[in-house]
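Trainee: Model the full structure from these sequences, guided by the hints.
To convert, note that position 25 of the sequence shown is 25 in the numbering used here; the numbers rise steadily by one, no gaps.
The hints are simulated quantities; they were obtained by calculation from the structure and are not laboratory data.
Please read all numbers here as calculations on a predicted model, not as lab measurements.
Pair by pair, the computed Cβ-Cβ distance ranges are:
hint	residue 1	residue 2	range
1	Val24	Gln51	20 to 26 Å
2	Gln42	Gln62	27 to 33 Å
3	Leu20	Ser83	19 to 25 Å
4	Glu38	Tyr76	43 to 49 Å
5	His43	Asn81	51 to 57 Å
6	Ala31	Gln62	14 to 20 Å
7	Leu67	Glu38	27 to 33 Å
8	Gln42	Gln78	55 to 61 Å
9	Phe52	Asn80	38 to 44 Å
10	Leu67	Ser46	31 to 37 Å
11	Leu21	Lys79	26 to 32 Å
12	Glu38	Gln62	21 to 27 Å
Cβ coordinates follow ideal geometry from the N, Cα and C atoms, glycine included.
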Amino acid sequence: MLGILLAECLSNYDTRSVVLLLIVWLLQLYAGVKERMEVMQQHNMSWIEVQFLKKAVDVLCQCRQTLMYTYVFAFYLQKNNQSIIFEV
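Mentor: Here it is in C-alpha cells:
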C-alpha cells in the first residue's frame, strides 16, 4: 500500500514539475512577445492593436497554473466514478 502511495506521489510530483518548467518557459516567452510587439508597432500597427499578443500569453499562463493545481486536487480526491472521469 505504501509503495502505491509513493508511486502516486512521485507521479504527481513529476507532472507538477513539468508544468512548473512550462511556466518558466512561458515567462521567457513574455520577453519574446514584447520584442515581437515592438516590431509589429514599427510596421504601422498601433499599440492597442498588438496588445492581443500579451493577453494571449496571460491567458496561457493562467491555464497552465490552473492545470498545475488540478493535479494536487486529483491526488486527494476519493476514488469513485466521478474522480475517474476527472482524471481522464
